[in-house]
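Could you slot chain W onto chain P? The hints should help.
Protein sequence lines, in the order shown, are assigned to chains P and W.
Each residue of the first sequence is one higher than the last, beginning at 1 in this note's numbering.
Each residue of the second sequence is one higher than the last, beginning at 1 in this note's numbering.
If you're looking for bench data, these hints aren't it; they were derived computationally from the structure.
Fair warning: there could be bad hints in the mix.
One copy or two, it doesn't matter: identical chains are merged, so the pair holds either way.
Said to hold, decoys possible - In silico SDA-like links for lysine to any residue, alpha-carbon gap of 25 Å or less:
id	residue 1	residue 2
1	K179	D114
2	K60	T119
3	K223	P161
4	K31	G194
5	K60	K162
6	K186	H56
7	K186	H73
8	K179	T64
9	K150	E169
10	K186	P102
11	K186	A131
These numbers were taken from a predicted model, which means no experiment stands behind them.
2 protein chains.
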Amino acid sequence: MTITLYDIPSRSEVNAWSPATWRIRYILNLKGIAHKTEWVEFPDIEKRHKELGIPHSSLKPDGTPNYTVPAIHDPSTGVYLSESTDIAEYLEKTYPNTPIFPHETLGLQWSFVDLFRSTALSALWQFVVPATYQQMNRASDAYFRLTREKMFGKKLEELAPKGDLGVSEWARFKNDLGKVDVWYSKTNGPYLLGDTISWADIVIAAYLTWFKVVFGKDSQEWKDISSWHGGRWGRLVDNLRKYATVV
Amino acid sequence: MTITLYDIPSRSEVNAWSPATWRIRYILNLKGIAHKTEWVEFPDIEKRHKELGIPHSSLKPDGTPNYTVPAIHDPSTGVYLSESTDIAEYLEKTYPNTPIFPHETLGLQWSFVDLFRSTALSALWQFVVPATYQQMNRASDAYFRLTREKMFGKKLEELAPKGDLGVSEWARFKNDLGKVDVWYSKTNGPYLLGDTISWADIVIAAYLTWFKVVFGKDSQEWKDISSWHGGRWGRLVDNLRKYATVV
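The shape of chain P in the complex, shown without the other chains:
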């Protein structure tokens, strides 16, 4: 039986870019779960989810349901599910081999992601969102522009800081990752639990992969990031490359 992963395509070489769906792709590959991707452009997600009966993942500010990817269909259980953390928990319960929440760390790892997202990466969005727009297919670009400009209250072209501010905000992003580097440096291996890959690494690697995909592996941006902090981030993504197969 093959799980279907619903993901958003792009013009990029590997197609997949979303940091939320990368989380799930990494888990599926890490656990060796047979799967295939169904690519859904942004404006089609709601319609496709309703056809399939995939529940919404949250409510929009106006109270209407928000349909998002990643979503999965697991034919072996009949489950349709969206929202990356819910899917991660479902996959862990259903396919407990190669645990991503080992040693009962689910609560601690859950807190890590909640807190990490709300604090450690505030400088990231302004750089990566405009670069992501450059990779959208024609079918998604108007939707992407509309929703992101509403979200940030700025034209996409005005989002990335330029000149001195660009330099200092890029340094702030490096500094944010520096905090994460301190946590990693407390361990005796390449991962946050030492030699064991876990959810926290997957979440961070998924953000980094997003950068690598939308800027390109030969970009100055990726060269910068992958060299920071003794090359920790480049190594992390390299270490997970065998679980990055897009099928």
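For chain W alone, coordinates are given in the frame of chain P:
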């Protein structure tokens, strides 16, 4: 050999109140390490640390060294050390029994505390700081007032929100703890790692113990907190009571 824990006294029944020193007291008791407390009033900390050769833990905004408790002296190794997270790591390395960072979770737990402090408890200070002042000994109260009023830019008497704002801020504190409750509810036991007490629980229990000490165990504040979220916080502090001995 008996470790000395340097702590700040108070008028409260159990003397100890500081959430930073409670972390270390919980660890010493949990690991069964022989220790005694030397009580140092706020204005005497710098002098005492310099006499003993305890290093400063940070720099003040003006660049001068900041001497703080908790601090410890371990005669079996000759180590003098301050700053609760450094002490926690030292104790774990030197006394590895009953690990507080089990399964290589040091990096993950470290991130938890960094992130937790910077986000999850923003409503706490305004309530607990004025209540702490009420428990200061005469020797420390002027120092406490001066430093805290500078820190918060308000008279201590104006810090606790009153009336409707008091009610809504108290609800915000409950809501913050509610996020922590969600993480706990992911586990199968009373602690963040299930049945195993770890650093994350100790940090949270130390904050809760601070509330219990300075408001008093029969206060409405502690009755509120200990009943919230199905009684989770009251139970957590109760579960750790056997490691709360002050000697």
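Results for each hint:
| no. | hint | verdict |
| --- | --- | --- |
| 1 | K179 / D114 | both (16 Å within a copy, 9 Å between copies) |
| 2 | K60 / T119 | both (22 Å within a copy, 23 Å between copies) |
| 3 | K223 / P161 | within (19 Å within a copy, 49 Å between copies) |
| 4 | K31 / G194 | both (19 Å within a copy, 23 Å between copies) |
| 5 | K60 / K162 | neither (31 Å within a copy, 34 Å between copies) |
| 6 | K186 / H56 | between (38 Å within a copy, 22 Å between copies) |
| 7 | K186 / H73 | between (38 Å within a copy, 23 Å between copies) |
| 8 | K179 / T64 | between (37 Å within a copy, 24 Å between copies) |
| 9 | K150 / E169 | within (22 Å within a copy, 30 Å between copies) |
| 10 | K186 / P102 | both (18 Å within a copy, 13 Å between copies) |
| 11 | K186 / A131 | neither (33 Å within a copy, 36 Å between copies) |
In this structure, the earlier hints numbered 5 and 11 are contradicted, and the remaining ones agree with it.
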